[in-house]
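Based on these hints, arrange chain D on the given structure of chain Y.
Chain by chain, the residues run as shown.
Protein chains: 2
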Amino acid sequence: MSRLDEALKSIASIDPELLDKAQARLDMLTKPKDSLGRLEEFAKKMVAITGNLTPGINKKIIFTFAGDHGVADEGVSAFPKEVTPQMVLNFLRGGAGINVLARHAGVEVKVVDIGVDYDFTDCAGLIQKKVMKGTRNIRKGPAMTRDEAIKCIEAGIELALENAGEGVIYGTGEMGIANTTPSSAIIAAFSGQPVADVTGKGTGIDDKSYNHKVRVIEDALNVNKPNISDPIDVLAKLGGTEIAGIAGLILGAASRRVPVVVDGFISTAGALIAYELKPQVRDYIFASHNSVERGHKVMLERMRLRPFVDLDLRLGEGTGAAIAISLVEAGVKIYNEMATFGDAGVSEKTI
Amino acid sequence: MSRLDEALKSIASIDPELLDKAQARLDMLTKPKDSLGRLEEFAKKMVAITGNLTPGINKKIIFTFAGDHGVADEGVSAFPKEVTPQMVLNFLRGGAGINVLARHAGVEVKVVDIGVDYDFTDCAGLIQKKVMKGTRNIRKGPAMTRDEAIKCIEAGIELALENAGEGVIYGTGEMGIANTTPSSAIIAAFSGQPVADVTGKGTGIDDKSYNHKVRVIEDALNVNKPNISDPIDVLAKLGGTEIAGIAGLILGAASRRVPVVVDGFISTAGALIAYELKPQVRDYIFASHNSVERGHKVMLERMRLRPFVDLDLRLGEGTGAAIAISLVEAGVKIYNEMATFGDAGVSEKTI
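Each protein sequence line maps, in turn, to chains Y and D.
Add 58 to the 1-based position in the first sequence for this note's numbering, that's all there is to it.
Add 58 to the 1-based position in the second sequence for this note's numbering, that's all there is to it.
Accuracy of the hints is not assured; some may be wrong.
Because identical chains cannot be distinguished in the list, a pair is counted as satisfied if it fits within a single copy or across any two copies.
The calculated BS3-like cross-link candidates involving lysine-lysine, where the alpha carbons are at most 27 Å apart (straight line), are [what the hints assert, rightly or not]: (1) K355 <-> K91; (2) K391 <-> K91; (3) K168 <-> K391; (4) K259 <-> K102; (5) K168 <-> K91; (6) K117 <-> K67; (7) K391 <-> K117; (8) K79 <-> K391; (9) K91 <-> K259; (10) K198 <-> K407; (11) K117 <-> K102; (12) K91 <-> K266; (13) K407 <-> K259.
The hints are simulated quantities; they were obtained by calculation from the structure and are not laboratory data.
Isolated chain Y, as found in the complex (with noise of 0.2 Å):
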């Protein structure tokens, strides 16, 4: 059996039984009921999730996979691509918004080189596991072959699997120039949406370029005519080698009950075609924010996830995963840590 179909199979949905109990943990401490808000819905995720009544988080890690886009060459971005491997630099010398917030939060940042167009030599700390050197055009042909495609998932599934553990949790980051151009052609497919409507502006682009964007994500659906009920298909067809790692990790971390924070509009698209692929992992998924970009929220819809961090983020790189991260974290607490009513000798509700 593949790797893949190996983690397809081990991932089985959360046990409601363990939600029950954590909220009779939840209902005895010294606040009013349900006060703590998804503070309290967290915790008992992460306990159904690790299937521990007292789970700890011990280790906190964000991959951050980093890939090229042949469909860059269209001019959908408002930054050139040789910016792709520059940041990875970037994130690999601590400089960059997903360092800084990581480190806030307590968090260790792994950058994956999964499909940049360049040869990075003598990079401390990079995890190569480089599957092409970017992916193809989308606009005149597939982005990867199936094997391609099949391969990047399988490495973000080994990463997951090599990582995980008791009290770790992951987040999900991605740099890849373009890469809003084909996570909105994925929704696109899957949803069945105008283009238009799950297309936003990227980095930044003017007007002019937004309706140019639109109109190669248009050409790409037709020329590549992506089979929604095959999600290999789609993500070969339409997708980034990034999107494909990340969608692996989520199966893998959801093999293993490993918790995931994903990250926006890309991170979202990659847990998308894990999702399409094993519905059941939107269990071991905790969405955090609510990206600017258009379409990201047709596909929390369709999830059925909601977002808990509100800062009008549309940076990427797992820069939301790790503000959400810290929240999840403080619900862990909150549920570990505060008194009881009866420990502490406080008065319950009268009426």
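Chain D alone, transformed into the frame defined by chain Y:
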């Protein structure tokens, strides 16, 4: 000149030029312009508040003011009044929600007895600022005399001044059974909106008790006839000692250019008193979370403040402020620690 008059006199609006200078630095950092959304806004505001072009945060303090309310006798709360001192003891032992979330965010909690109807003896760590043993029942007459209200405000100002310094940020919090009742009364008075439109279910009362709570607040407004052009009159007649203490803390902080992160519904009632006394205080306030309590939004809109944590919280104590302080700090770190395009050798936008 009284301590209150001195504070009011010292508060000035922030200098918008500082916002522009901070924006110029943010636009040099290795990210698409504005892509870190509200985190960038927080950094700019911190520069303007402190007047420091490289502002740091090295001390985070949440002041949790505790006070009792005569109106609790009317049965407006789900919990009995003795819970106020019980929770104060829980705070001092570190077992409450605010303790857990403050530890998570590296924030110190200072618990202030400003008006609890209980004699605390041998309570290490409790800050004694008791002005009175609970307010009087607002359904029957004023909660406090004008002099008592000013004493409470000045207790808050004192704490703000004693702890002020470079790199300091404050958060507000409170504990006081029945304190959503005076908070709703205050916002109903200033806004002129029907009481039911600005009154919520507090710690979780049933529909019958809710209707009763609305009537109690309507009676309090009719009996007291607060003069809204005199915010101290509104505070004295309808308020609470902890609401007054929070108003004072905010005034004192603004007078020393210390930023204040304001918690939820009750804290915002305190902020509103400060704002009605001196509208410029709004420049020094970060509105943390969007409370489940109706009326909260009305107050924030009146002050033109936009909250940024949306976790369905309704506990108070300073819990939303603890989470929000960490996000403000994240914004400051982005501003200080990210590499610039020049430093990192990253190409800039082309279209």
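Cross-check of the supplied hints:
no.	hint	in the structure
1	K355 <-> K91	between (30 Å within a copy, 22 Å between copies)
2	K391 <-> K91	within (17 Å within a copy, 35 Å between copies)
3	K168 <-> K391	both (25 Å within a copy, 20 Å between copies)
4	K259 <-> K102	between (36 Å within a copy, 24 Å between copies)
5	K168 <-> K91	between (39 Å within a copy, 25 Å between copies)
6	K117 <-> K67	within (26 Å within a copy, 50 Å between copies)
7	K391 <-> K117	both (14 Å within a copy, 22 Å between copies)
8	K79 <-> K391	within (17 Å within a copy, 39 Å between copies)
9	K91 <-> K259	between (42 Å within a copy, 12 Å between copies)
10	K198 <-> K407	between (66 Å within a copy, 25 Å between copies)
11	K117 <-> K102	within (19 Å within a copy, 32 Å between copies)
12	K91 <-> K266	between (52 Å within a copy, 19 Å between copies)
13	K407 <-> K259	between (50 Å within a copy, 13 Å between copies)
Violated hints for the displayed structure: none, as all numbered hints are satisfied.
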